[in-house]
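Undergrad: Okay, here's what each chain looks like letter by letter:
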Amino acid sequence: MNASIDNADHVEDLAGERYQYGFVTDIEAETAPPGLNEDIIRFISAKKEEPEWLLDWRLKAYRHWLEMEEPEWAKVAYPPIDFQDAYYYSAPKTSADGPKSLDEVDPELLRTYEKLGIPLVEQQMLAGVAVDAVFDSVSVATTFKKKLAEAGVIFCPISEAVRDHPELVQKYMGSVVPYSDNYYATLNSAVFTDGSFVYVPKGVRCPMELSTYFRINAANTGQFERTLIIADEGSYVSYLEGCTAPMRDENQLHAAVVELVAHKDAEIKYSTVQNWYPGDANGVGGIYNFVTKRGICEGDNAKISWTQVETGSAITWKYPSCILKGANSVGEFYSVAITNNYQQADTGTKMIHLGPGTRSTIISKGISAGRGQNTYRGLVRIQPKAHGARNYTQCDSMLIGQECGAHTVPYIESRNHSAQVEHEATTARISEDQLFYCRQRGLSDEEAVTLIVNGFCREVLKELPMEFAVEAQKLLGITLEGAVG
Amino acid sequence: MATSTRNFRSPEPLAPATAWLGDGEAAWAAGLRTAARARLAAHGLPTAKAETWRHTNLNRLLALAPAPEAPGGTPALDHAPGLLAGEAVAARLVFVDGRLNPALSQLDELPAGLEIRPLAAVLGDGQAPEALAQEDATRPFHDLATALMSDGMVLELSPGTVLERPIECVHIALADEGAKAHHLRHLIRLGAESAADIVESRLTLGTGATLVNESTSIDLAAGAHLSLTRLYEGGAEDHGIRQSFARLDKGARLEAFVALLGGALNREEIVAEVVGETASCDLAGVYLLAGRQHGDVITEVTHAVPDTTSNQVFKGVLDDRAQAVFQGRVTVAPGAQGTDGRQLNKTLLLSDEAEIDTKPELEIYADDVKCAHGATTGALDEDALFYLRARGIPLARARHLLVEAFLTDALEGVTSAPLREALAARIQAWSAPEDAKGEEA
Amino acid sequence: MLVIENLHVSVGDKPVLRGIDLEIAAGEVHAIMGPNGSGKSTLSYVLAGREGYEVTAGRALFEGRDLLAQAPEERAADGLFLAFQYPVELPGVTNMNFLKESVNAVRAKRDEGPLDAMQFLKHVRAKTSQLAITDEMLRRAVNVGFSGGEKKRNEVLQMAVLEPKLAVLDETDSGLDIDALKIVSEGVNALRSPERSMLVITHYQRLLNHIVPDRVHVLAHGRIVDSGGRELAEKLEASGYADYEATEAA
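Chains as they are written, first to last, in our numbering: chain A, 1 to 485; chain B, 1 to 441; chain C, 1 to 250.
If we strip away everything but chain A, and leave its shape as in the complex, we get:
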């Protein structure tokens, strides 16, 4: 049986609790002055005790960024962002020197994560999941480090990796998403503060799920984390990412960069449940989630699989992508994106087939409700050497109500005749017949909608690790509250 869908109960439990993670942690923070300039970048770099090369790299990115124009091609609308009006560094004072052993972590922070459902005390944790907790600009705790170290797996905040594993960081950072890649990735390269670093050595199957939990707490502060995951030959790692933020009236920027490198025969499974504060029912507040995620299958038979459930954020702009360089390497993208009220999502993927025999699968489920706008935007590119490459894409949209929008913008570029690309897209709504049928069997309107939407998303949800699947199903129900009736 599937991961039993007990959403009906959850919707009841959470009724009236539209966004349950909207609280603010009252904690003393060390915050850099607002605004963006080279001094701030030097401040961040100094704070992290970074080597010269990294500061240079940041400055190079910043100078390049100044020359760039904000992208306008996405189907999202928002007032201009004043980049000088935001804070680029905020850290809980007690953690300003970086994470310590769990015993030393501020109890207020531990309570915060407990409230978010992420206990950081190892005894209470879900066995088999190690967590890196990132609070505003810094990592405040990383669990199970010892156990992972025994297996040779490095899992730590990226600022720590810069200190302890500079050769790995220098070799791989920017190798998949160069500092000049795009407006937000370049901004991130200049001001990134923390994030997770993972290295899985040759032949190692990571003994537990790795997970990073991102939390924006401070007001008017952007979060710019950078995650780098390297799976060496023949290794395997499954990584989960979750995110929440307090309810605030102003929009906050989250511009992350995630780079994945999968060597020969390695596999990286990356799952996201994105639940940033979406703004209120009138579209006030919420996170601008402008994220660059990209992985490269460097070696033969490597595999990268992205699974995302995007329920939060006022605006989502992200395209987790795969560069399929190694022969017979595999890329996957499974996505559920829901927009309700005034949320906007422009999300999809790029599958760049370079090597022969490469394969990719794209399954995208977009759900629009209220005045939400939901766009799938994807690129499948088959380069001349990708003999026998295969892609299958399926994009389904569901509309709930008459004021929302669902858009599909797939780009297919094929330069190899032996490659096969297949794209299908459909649009559906929840029919009156379906609702009535469910209600005749005893389900309420909202239960029926949640059930039908979960059914619609099933192919994607089944890709998530069990704990995340249950969480995701809950979220779908909550996000759609008030969407019918």
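Any given hint could turn out to be false.
[Claimed, not checked] Once the Cα atoms are required to be at most 25 Å apart in a straight line, the calculated DMTMM-like pairs of lysine to aspartate or glutamate come out as:
hint, chain 1, residue 1, chain 2, residue 2
1, C, 14, A, 432
2, A, 385, B, 319
3, A, 385, B, 320
4, B, 49, A, 72
5, A, 75, B, 340
6, C, 151, A, 433
7, B, 49, A, 69
8, A, 75, B, 269
9, B, 49, A, 413
10, B, 370, A, 422
11, B, 49, A, 181
12, B, 370, A, 446
13, C, 165, A, 445
14, C, 109, A, 433
[To be verified] Over the 10 Å line for every Cβ pair with chain A, so calculated as not near, a few chain B residues:
hint, residue
15, 53
16, 72
17, 90
18, 106
19, 125
20, 131
21, 159
22, 177
23, 206
24, 304
25, 389
26, 393
It should be emphasised that the hints constitute simulated quantities derived from the structure, not laboratory data.
All figures in this text were calculated on a predicted structure; none of them were measured in a lab.
Built from N, CA and C at the ideal position, the CB exists for glycine as well.
Since the structure of chain A is already known, use the hints to place chains B and C on it.
TA: Coordinates of chains B and C only, in the frame set by chain A:
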């Protein structure tokens, strides 16, 4: 989308000063030309930043800088090979080098209710036809056509008139030397409950470089039915750029079929606004390209009101270093419930150097709709090929049979049987390898 | 169990039911027969609470409560079950999950706790074998890609699992061959009990050979024009509906 100054491309190579244009025309005509030229100068020609031009390279065309030609003597041509040559037609228009050739045309004895005039004559009228003033800032070639229009077809069908025979329109370019450009604007207006079949074909005689740039405005009143078939063949230096703007009123039907069988650059852009309930818009076509040919099919169908349908089926076969682009968009406006919009694009790549860039796009703002699209690209089915060869069919012939089979359902969109056969023959000639042709003879 | 008094229903401006009176006691099986367009399906949808039907007069009481004032799911929780003439497809929602959602929703409204996975599986398994429903069918999405017979068997399975007090079977025989009809009828008969009432709506008498009713009513032009025992169904089989239609036309 606004073009920033950094991405400006000067229209100069395609729009040189042409003092002789406008002789004998009304003042309003000069006004239209001047205004179009001003817009063109402001916006420039499309760059790769323009979404529908991102895969289409204009450098070769701009280097050729084909220029309009002042009217000269009657070109020596004694017959016009068209798709319907020999068939009985309601009217035949033959344009030679961008100007109507009365001797080759058949415009006397038009059926009652049908009026056809050359645009060159209309430009001398006291008043401008409304459709001629149509602007579209996002399509610079439309402005180019208005600024430099030499002639065109102005067709009006009175309400209730149902033509029994098709109207044929042939464009011939004589390309002996230099690079010549011909810009035309056509206006087609069908009254309520009228019906017409229009068959257009274009060919080039000679091996010189040409640009034929045409803009067609189509207005279909309530219940009108237009079937439009277009065949474009062209040599290695031929450039054809066409934009059509159709407006469909209540219950109107547009059935367009386009065959792109050659040309250095061959672009078909169809913009259809479905503004009347129960109207339907069917766009179909094939593109068969080889060598270094480039073909574009750009469609934009907007469902503005409830209960309308559209269906698009475009199929293509690309060989050698040919490149094709399909960009189709179906937009369902807020409130346009009950829309049924479909799109299908399939491409066969026969060579490792051919390229297809396809983007079937849906933009939907109403929930009670049925919209779907599909796109595939790939090679001939190896299993099918083997099966045919195992039955004794030579490889080349087997490939040809499979290509034909692949195109069959696209041709079903062509309702006229003789026309379908003529197109099938052209397609067969395109895809049949020399040795296979020999076997058939 | 069910009392219908002078029920008038319109669809749009068109009156479809024009004064229905019907009383079904606990444990009774009533059949409603009638030609196409007589209002049979309208009656079943109105009882279940589908939108688009306007009750212009009359009332319907289910165990003494005003049925027509309730939401569809409230009626379901109270024990009213409609076997749909055209069961609806729910892509991606597995049959098993749908059953579980329904059972637990109904239980919750009755202040009963949810069944755990094992209890539930046992509950369902007890019902499936008789209806020739395989585990494979339980794993498939609700009614998606089901044959006509499979859909109807699936409806009866839902009925068996939900254990309603009153089951309305709307043209459950339509689209069934004789073997499928037998399986479905046996499934329904197994659910007959002194506490459970049924309203069997059908065009043809053949279903009533398998599910034998206590009372038969003839519906024509929105009214019950004749009532009797099971012999009435046999009479109809012989003479057809012509008599009733003629009466109305006169």
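Undergrad: For every hint, state whether the structure bears it out.
TA: Hint-by-hint comparison with the structure:
{"no.": "1", "hint": "14/C to 432/A", "result": "holds (21 Å)"}
{"no.": "2", "hint": "385/A to 319/B", "result": "holds (17 Å)"}
{"no.": "3", "hint": "385/A to 320/B", "result": "holds (16 Å)"}
{"no.": "4", "hint": "49/B to 72/A", "result": "holds (12 Å)"}
{"no.": "5", "hint": "75/A to 340/B", "result": "holds (23 Å)"}
{"no.": "6", "hint": "151/C to 433/A", "result": "holds (15 Å)"}
{"no.": "7", "hint": "49/B to 69/A", "result": "holds (14 Å)"}
{"no.": "8", "hint": "75/A to 269/B", "result": "holds (23 Å)"}
{"no.": "9", "hint": "49/B to 413/A", "result": "holds (17 Å)"}
{"no.": "10", "hint": "370/B to 422/A", "result": "holds (20 Å)"}
{"no.": "11", "hint": "49/B to 181/A", "result": "holds (18 Å)"}
{"no.": "12", "hint": "370/B to 446/A", "result": "holds (24 Å)"}
{"no.": "13", "hint": "165/C to 445/A", "result": "holds (23 Å)"}
{"no.": "14", "hint": "109/C to 433/A", "result": "holds (23 Å)"}
{"no.": "15", "hint": "53", "result": "holds (14 Å)"}
{"no.": "16", "hint": "72", "result": "holds (44 Å)"}
{"no.": "17", "hint": "90", "result": "holds (41 Å)"}
{"no.": "18", "hint": "106", "result": "holds (45 Å)"}
{"no.": "19", "hint": "125", "result": "holds (43 Å)"}
{"no.": "20", "hint": "131", "result": "holds (31 Å)"}
{"no.": "21", "hint": "159", "result": "holds (35 Å)"}
{"no.": "22", "hint": "177", "result": "holds (36 Å)"}
{"no.": "23", "hint": "206", "result": "holds (33 Å)"}
{"no.": "24", "hint": "304", "result": "holds (15 Å)"}
{"no.": "25", "hint": "389", "result": "holds (18 Å)"}
{"no.": "26", "hint": "393", "result": "holds (21 Å)"}
Violated hints: none; the structure is consistent with every hint.
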